[in-house]
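For the record, the sequence lines run as chains L and G. Final position of the first sequence in the working numbering is 162; the numbers increase by one with none missing. Final position of the second sequence in the working numbering is 162; the numbers increase by one with none missing.
One copy or two, either will do: identical chains are not told apart, so a pair holds if it fits within one copy or between any two.
Cross-link-like lysine-lysine pairs, in silico, DSS-like; alpha carbons within 30 Å at most:
(1) 131 with 111
(2) 162 with 108
(3) 152 with 104
(4) 131 with 162
FYI, nobody ran anything at the bench for these hints, they're computed from the structure. All figures in this text were calculated on a predicted structure; none of them were measured in a lab.
There are 2 protein chains.
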Amino acid sequence: MNSAENDLSIFERGERASEDYFTGNAWVKFLVPKSEIFNCQIANVEFEAGARTNWHTHGGGQILIITTGSGYYQEKGKPAQKLEKGSVVQIPPDLEHWHGASAEKGLSHIAVNTNAHLGVATWLEKVTDEEYRSAK
Amino acid sequence: MNSAENDLSIFERGERASEDYFTGNAWVKFLVPKSEIFNCQIANVEFEAGARTNWHTHGGGQILIITTGSGYYQEKGKPAQKLEKGSVVQIPPDLEHWHGASAEKGLSHIAVNTNAHLGVATWLEKVTDEEYRSAK
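Excised from the complex, chain L in its bound form:
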């Protein structure tokens, strides 16, 4: 990331995302810890080009709000959708999916984990290079 892009960042990078659940370089900055008062958890996730989550589900659903860059969101068995600045994705509870950056450009999104009492994330297998390339 060059300094001009860095100036556009809204949040600090936060913690390196686990290799167990992500492919490539990604960072997670928690904005609101899992909260009983608000019944949600909110984080910012920054993906370098080519980085993506594993396939996974959210017991309580998740909303993605894309703030910079470009990338993909794919539900199991469906074509990938392109993401860009301003995209909003509504991910229903228990729907298997992945999201991440494009191969050429990074992606940052805010992730709102709703109905946190129903579970935040269940991590599944990696998105293979073949699956990722087919998202183009």
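Here the structure of chain L is known, so what remains is to put chain G in place on it, guided by the hints.
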């Protein structure tokens, strides 16, 4: 707003905010309509310099995520807090407060209305010019 600032906007401006509930020029773009699946409602709010909400409460609480500019958040009976890019505010249910831009610079924030089944917003009296000036 000049074109350089405009290029930094993440979302379209949306609808003009009601004069009944806001002072000055503000725009509300709904990102996620009130949803039973996610039990929340999410909007982006853009305030011109000097613009602010009325005093109000949220039955289910609200999270503010500031994406650009500078402004204030004030809880009834407490000093105002300054807001800037990257600020996150957790507003508990039924707490009387207001938020808005600084006098010199606009403000944009994402507003996550949590526990939407408990009510999204109850609007109260205007923030007077005297109250607003004392926030500086």
